[in-house]
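Participant: Following the hints, put chain Z in place on chain C, whose structure we already have.
For reference, the chains in residue letters:
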Amino acid sequence: KAGVTQTPRYLIKTRGQQVTLSCSPISGHRSVSWYQQTPGQGLQFLFEYFSETQRNKGNFPGRFSGRQFSNSRSEMNVSTLELGDSALYLCASSLRHYLNTEAFFGQGTRLTVV
Amino acid sequence: DQQVKQNSPSLSVQEGRISILNCDYTNSMFDYFLWYKKYPAEGPTFLISISSIKDKNEDGRFTVFLNKSAKHLSLHIVPSQPGDSAVYFCAASLTNTGNQFYFGTGTSLTVIP
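For the record, the sequence lines run as chains C and Z. Quick note: to get the working numbering, add 251 to the position in the first sequence (first position is 1). Quick note: to get the working numbering, add 3 to the position in the second sequence (first position is 1).
For the record, the hints were derived by calculation from the structure and aren't laboratory data. For clarity, every value in this text was computed on a predicted model and none was experimentally measured. Mixed in with the good hints, there may be bad ones.
What the hints assert, rightly or not - Calculated pairs, SDA-like style, for lysine to any residue (alpha carbon to alpha carbon, straight line, at most 20 Å): (1) Z:Lys74 to C:Asn351; (2) Z:Lys57 to C:Asn351; (3) C:Lys308 to Z:Lys57; (4) C:Lys308 to Z:Lys74.
Excised from the complex, chain C in its bound form (with noise of 0.2 Å):
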């Protein structure tokens, strides 16, 4: 069973430009979530999409945005890119939206913002 997919998996851009993330679930997960890791903060949660709907949201300023396709694929956009930004974007996809599931990471997108 393939795993988790994210492209791509580097990307440099410049301050003030869009970026777009892709993120393919493992097959027959129905939950997408993306998370932002940055150096000494962990992760950090930015949204959950169930069924083409965004379920849950974190503390995130609203130029990060994200949608969910029919076939459970994801895209998160991040727009007027700021250099803060610069960070490991990691998708994860679970069973369940509801009860106990763990969530299955992909190897990430590192973004650089210049």
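Facilitator: Positioned in the frame of chain C, the structure of chain Z alone reads:
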């Protein structure tokens, strides 16, 4: 506000000995806890989880203990192996609020051969 804390940034242990990684949380409503392991340039890998109705869960060399009154959980690795060297994250969530996990900042474990 960091609701899940791992106060030890790093830990070194001899091969074959026990590794104990600790995690504290502040939200008493958390009822599901997980541990993840992360190697450089890879995403976190799920290790083990525990529901708040239990105080212990075991899976091979990995055991997680939960002390709800102290709002504390720990991961025991016995025996420790050099391949266990990685960053370990604890995470917590609330049932029925979806898959929003609150992560600690991680503990870097080094197992010395």
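Participant: All hints, please: hold or fail.
Facilitator: These are the hints, each one checked on the structure:
For the proposed pair Lys74 of chain Z and Asn351 of chain C, the alpha carbon gap of about 19 Å is at most 20 Å, so the pair holds. Of the supplied pair hints, the one linking Lys57 of chain Z and Asn351 of chain C holds, its CA atoms being roughly 13 Å apart against a limit of 20 Å. The hinted pair formed by Lys308 of chain C and Lys57 of chain Z fails the criterion: a straight-line CA distance of about 29 Å is larger than 20 Å. For the suggested pair Lys308 of chain C and Lys74 of chain Z, the alpha carbons sit about 25 Å apart, so the restraint of at most 20 Å is broken.
Of the numbered hints listed earlier, those contradicted by the structure are 3, 4.
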